[in-house]
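Visitor: These protein sequences, in sequence, are chains Y and A.
Numbers 30 to 462, taken from my numbering, label the letters of the first sequence in order.
Numbers 11 to 268, taken from my numbering, label the letters of the second sequence in order.
One should not assume that every hint holds.
[Said to hold, decoys possible] Simulated crosslink set (PhoX-like; lysine-lysine; CA at most 25 Å straight-line):
hint: 1; chain 1: A; residue 1: Lys144; chain 2: A; residue 2: Lys131
hint: 2; chain 1: Y; residue 1: Lys357; chain 2: Y; residue 2: Lys265
hint: 3; chain 1: Y; residue 1: Lys265; chain 2: A; residue 2: Lys144
hint: 4; chain 1: A; residue 1: Lys131; chain 2: A; residue 2: Lys152
hint: 5; chain 1: Y; residue 1: Lys128; chain 2: Y; residue 2: Lys81
hint: 6; chain 1: A; residue 1: Lys131; chain 2: A; residue 2: Lys146
hint: 7; chain 1: A; residue 1: Lys148; chain 2: Y; residue 2: Lys265
hint: 8; chain 1: A; residue 1: Lys152; chain 2: Y; residue 2: Lys357
hint: 9; chain 1: A; residue 1: Lys131; chain 2: A; residue 2: Lys197
hint: 10; chain 1: A; residue 1: Lys193; chain 2: A; residue 2: Lys238
hint: 11; chain 1: A; residue 1: Lys238; chain 2: A; residue 2: Lys252
hint: 12; chain 1: A; residue 1: Lys252; chain 2: Y; residue 2: Lys265
hint: 13; chain 1: A; residue 1: Lys238; chain 2: A; residue 2: Lys225
hint: 14; chain 1: A; residue 1: Lys148; chain 2: Y; residue 2: Lys357
hint: 15; chain 1: A; residue 1: Lys131; chain 2: A; residue 2: Lys148
hint: 16; chain 1: Y; residue 1: Lys265; chain 2: A; residue 2: Lys152
[Unchecked claim] Here are some chain A residues the structure puts well away from chain Y; computed CB gaps all over 12 Å:
hint: 17; residue: Asp41
hint: 18; residue: Glu46
hint: 19; residue: Arg93
hint: 20; residue: Glu107
hint: 21; residue: Arg132
hint: 22; residue: Leu139
hint: 23; residue: Glu141
hint: 24; residue: Asp174
hint: 25; residue: His187
hint: 26; residue: Asn209
hint: 27; residue: Phe215
hint: 28; residue: Thr229
hint: 29; residue: Ser243
hint: 30; residue: Leu255
[Stated by the list, open to error] Residues on chain Y that point at chain A, a partial pick, calculated with CB under 10 Å:
hint: 31; residue: Leu42
hint: 32; residue: Asp164
hint: 33; residue: Ser166
hint: 34; residue: Thr168
hint: 35; residue: Ile446
In short, the hints are calculated from the structure, not lab data.
Don't be surprised by glycine CBs; every beta carbon is placed ideally from N, CA and C.
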Amino acid sequence: MGPLGNIVQKELLEMVRDPRLLLGMLVVPMLIFPVMGVAISSTQEATEEAMKTSGVALYSQDDSDGNGTYASLLHSYFELSNLTVRNITAADEAGALRKAVDNGALVLVAVPANFTEDIAGLRSATASVYAIFRDFSMTEGTVYAQVTAAIDGFNSLMVAERLHSAYPNESVQNLTFPLVARSESVVRGRAHDADPNAVGAGVMSSTMMMPTMLMLLLIMAGQLAATSVAMEKEQKTLEVLLSLPVRRINILIGKLSGVIVVSLLATVSYLVGFTFYFNSLGIGGGQVNLASLGLSPEPAGLALLAATLLLSFISALSLAVLLSVFTKDVRSAQSLMGVLYIPILVPALILMFAPLSSLPAGMQAVVLAIPFSYPIIASQALYTQQYLPAVFGMIYQVIFTAIVLALAARIFSTERILTAKIELGKKRKAPEN
Amino acid sequence: MGERGGLTASLEINGLVKQYSAQIRALDGIDLRVEEGEVFGLIGPNGAGKSTCIRIVATLLSPTAGTVLVNGIDVTREQMAVRRMISYLPEEAGAYENLSGEEYLRFMARFYGDDGEEVLKRGVRIADLGERIKSKTKEYSKGMKRRLLIGRTLMTESRLYIMDEPTGGLDVLHAHHIRNMIKERVKQTGTSALVSSHNLLEVEFLCDRVAIIDKGRITCAGTPAELKARYGSANLEEVFMKVVLGDRPLPVTAGGGG
Numbered sequence: 030m031g032p033l034g035n036i037v038q039k040e041l042l043e044m045v046r047d048p049r050l051l052l053g054m055l056v057v058p059m060l061i062f063p064v065m066g067v068a069i070s071s072t073q074e075a076t077e078e079a080m081k082t083s084g085v086a087l088y089s090q091d092d093s094d095g096n097g098t099y100a101s102l103l104h105s106y107f108e109l110s111n112l113t114v115r116n117i118t119a120a121d122e123a124g125a126l127r128k129a130v131d132n133g134a135l136v137l138v139a140v141p142a143n144f145t146e147d148i149a150g151l152r153s154a155t156a157s158v159y160a161i162f163r164d165f166s167m168t169e170g171t172v173y174a175q176v177t178a179a180i181d182g183f184n185s186l187m188v189a190e191r192l193h194s195a196y197p198n199e200s201v202q203n204l205t206f207p208l209v210a211r212s213e214s215v216v217r218g219r220a221h222d223a224d225p226n227a228v229g230a231g232v233m234s235s236t237m238m239m240p241t242m243l244m245l246l247l248i249m250a251g252q253l254a255a256t257s258v259a260m261e262k263e264q265k266t267l268e269v270l271l272s273l274p275v276r277r278i279n280i281l282i283g284k285l286s287g288v289i290v291v292s293l294l295a296t297v298s299y300l301v302g303f304t305f306y307f308n309s310l311g312i313g314g315g316q317v318n319l320a321s322l323g324l325s326p327e328p329a330g331l332a333l334l335a336a337t338l339l340l341s342f343i344s345a346l347s348l349a350v351l352l353s354v355f356t357k358d359v360r361s362a363q364s365l366m367g368v369l370y371i372p373i374l375v376p377a378l379i380l381m382f383a384p385l386s387s388l389p390a391g392m393q394a395v396v397l398a399i400p401f402s403y404p405i406i407a408s409q410a411l412y413t414q415q416y417l418p419a420v421f422g423m424i425y426q427v428i429f430t431a432i433v434l435a436l437a438a439r440i441f442s443t444e445r446i447l448t449a450k451i452e453l454g455k456k457r458k459a460p461e462n
Numbered sequence: 011m012g013e014r015g016g017l018t019a020s021l022e023i024n025g026l027v028k029q030y031s032a033q034i035r036a037l038d039g040i041d042l043r044v045e046e047g048e049v050f051g052l053i054g055p056n057g058a059g060k061s062t063c064i065r066i067v068a069t070l071l072s073p074t075a076g077t078v079l080v081n082g083i084d085v086t087r088e089q090m091a092v093r094r095m096i097s098y099l100p101e102e103a104g105a106y107e108n109l110s111g112e113e114y115l116r117f118m119a120r121f122y123g124d125d126g127e128e129v130l131k132r133g134v135r136i137a138d139l140g141e142r143i144k145s146k147t148k149e150y151s152k153g154m155k156r157r158l159l160i161g162r163t164l165m166t167e168s169r170l171y172i173m174d175e176p177t178g179g180l181d182v183l184h185a186h187h188i189r190n191m192i193k194e195r196v197k198q199t200g201t202s203a204l205v206s207s208h209n210l211l212e213v214e215f216l217c218d219r220v221a222i223i224d225k226g227r228i229t230c231a232g233t234p235a236e237l238k239a240r241y242g243s244a245n246l247e248e249v250f251m252k253v254v255l256g257d258r259p260l261p262v263t264a265g266g267g268g
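For reference, chain Y alone in the conformation it holds in the complex (with noise of 0.2 Å):
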């Protein structure tokens, strides 16, 4: 085994070996997204639960009250609409509040006296809704969205038998919808029976995921590689380390290769938890066949965005040792890649919302500065194919991965390595003779 094979070793065993690390950049990312989705699939469970015991109470002072009166035709399309309805009787409003309360509904509807009599005569009948908040959780709020829906659907109903009574021989659905709107999604110049809501949530869905991932591992990857050279400096290994006859640069490239295989096991495990975290959220499943109207991706886009990736990782993790070379300390070098958390950050934020051409020409020429951006770009151009400026950034890539490997392997071989101290927060002292 050669130097670099050796130190490759090291590194991997070292890593892998490390409960912390372990735990944190391999399991816990397989494990975490999972059990998010069983969390959320739960809490939907419970609120179709408490839908169902606690639901909806009913008040009607409805004097025409019976079978056939348009409160009874409210509580069927309360019912329709999967909410459980129960009556209450009282002496007025205010004691239906309290028994509702006590009886530990979500909504009080309360109907009143004159509905039916309002809504035959062509008038607006006026119900009071009470939204009863406990503990403010989202089932509170589900339930009263439920009810609202509900009252829509009821209105719904009564203009279109109102419509009817005034023109029997017309449509109510053309009098309802004197325009209708049939959508297209227009894709490359090309027209698909597909909803344009559908098409853009599926390609917002794609894009996002991975400046979101590449966010979270750029970030966990950086706290690995600038800790890998202070761990050395922590636990007192580097002056016998520099010692060694092996050249600094492999030592460099050794430390880097490292922290790039466990990277890529944590993107791994990464994908693994966000499949099964969509799956159980029934995202990703498909409104619409995005591949139908040719927005699969092409082989060339997906090189592209794996290269711009793997490019990505090896600048930001050769500008973490970069950073840590610096730093005395673990805790040192993690409070100063902070610093690099910025350029991470920013560009991904950025272009999860708004697409490159429609940045301000000051703002583009930021973000195309920043090598993290590229993988965002290469992943949007998988669907808009404009991978000019993907292409040019992965040029601009190498150069920029090319020169901070050059100024790292530069302080490598030298003695700035064992002298250079940042102690965030403490007072630097100066050399020991």
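Given chain Y, work out where chain A should sit, using these hints.
Guide: For chain A alone, coordinates are given in the frame of chain Y:
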């Protein structure tokens, strides 16, 4: 360069200066020579410049002025060639916590040979940790860790062993074992050692010649017997006190002024 009477010195330092900043001049013109087969002791008070001098020989720091030759090779110009000839043990050294002692030695041994198995066996023997050599180094006591590091330093077939406080943190029995190992290794292989220590009994036992360094300068050098005779002292500690303190009184510690 590096030769006297046809013999190449293991280490030859001429006019060595190290200036960290305008205020800090750690070494101020050091000259010394370590012959083959010799254990050379470098002693001096804290902050005298011992570690800086040792780090320059170990190729970790660059001299501001002067030359340092290991077996006739310049430590500044041909660092890799020098690193192949030296083995260095810093005063404060650790081992990789998630590797076992054996894995640590194997990792180090691989830099000195194709598979380094012979080197590794020697390291395991010198460290003398028994079955604990297979335990992770984070489970080691300070003394065990130091023995592992001594094993690591002496297992290589180097021309010059550089050791800063080699027995620091070891109990009397293990320190004695290690001193014998250092002496045996140097004598058997005809190599040399540069040792820095505050333990002057150890220096007297281990070193063929000694130099006292103070304020970045060599103030005196010779065999322990020569130095004792020169200063009319019974042991090296007395020599050290006379050389470093001169006519100044002993520093009085708090509560010890009587």
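Visitor: Can you list which hints this structure breaks, lowest number first?
Guide: 12, 19, 20, 24, 32, 33, 34
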